[in-house]
Structures are given as C-alpha cells and as structure tokens.
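Each residue of the sequence shown is one higher than the one before, starting from 228 at the first, in our numbering.
A hint or two may mislead.
[What the hints assert, rightly or not] Each pair of labels, with its calculated beta carbon distance range: (1) Thr294 / Tyr269: 23 to 31 Å; (2) Phe260 / Val281: 31 to 39 Å; (3) Ile341 / Trp266: 31 to 39 Å; (4) Ala276 / Leu253: 38 to 46 Å; (5) Thr271 / Pro349: 19 to 27 Å; (6) Lys273 / Pro349: 32 to 40 Å.
Don't read these hints as lab results, they were simulated from the structure.
We put the beta carbon where it would ideally sit given N, CA and C, even for glycine.
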Amino acid sequence: MSDTRDTPDTNEPDPGGQPGERLHQLQRRLAEFAAERGWQPYHTPKNLAVALSVEAAELVEIFQWLTPEQSAKVMEKPETAHRVADEVADVLAYLLQFCEVLGVDVLDALAAKIERNEFRFPVTGSSTSNCHSSE
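The whole structure should be built from the sequences, with the hints applied where relevant.
As structure tokens, then:
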C-alpha cells in the first residue's frame, strides 16, 4: 500500500466500478496487505474489534470539545479535514478486515439493518415525532 501516486498500481480499485465491487477490491487489498506482512495471526475478531474501537475513539477525539456548530465545520480547515479523513479511513479499514475475518458481507449487513430499522421506525407523517432510536 504505497503512497506513490506516479506509479500505476494494479491493485488499485477501479474508480469507475460499482461501489460494492470497489469496496470488495479494497477489502481484498487490505487482506493482501496484512498477509504480505504476516499479520493474519493477530487479525482475530477480538483484536480487530478492539482496534476498530480505538480508531473510532480517535475520530471522536477530534470532536470531543467542539460545539455542535464547530463540529459541523471541521472539514473547512485542511488540518482537521485531513485528520477526520484519516480516522474515517482507519475505522473503515478495521471494519472491513473484521468483516473479512468473520465472513460478514458489510453491504448485505447494512441493507438488512436498514430494512429492519424501516420496519421498526415507520414514518408516521407527524413532524413532532423526531425522537432518535436511542431515546
């Protein structure tokens, strides 16, 4: 996973491909990256879940003391935008590796969850019902 932009990389996902295929290409690339370095023994579900949690906490840390208004503007500053993008990438990388190890199709899981939530939280037609699922 070199950061060299001048050399074409045959492992690079096709940006014109379908989103699901691109996601699976990235997932395979992450698996190859870990395999080439002999990291598979460490990529257990427990370790990947812990790493995912740590990276999510690093994302939260960026927003920890910001007001809601400030948090909505983090992408306007290049230095914070870069940090947010890096942490989002770390979270997604560990999530994809976690799913790979357990055989979870992340897009199927998300689609099924959305369907369950649509059933669980039907649209009522009332604008006064804006309680979040955590309330």
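Next item on the list: Go through the numbered hints given earlier and state which of them the structure violates, listing their numbers in rising order.
Entry: 1, 2, 4 and 5
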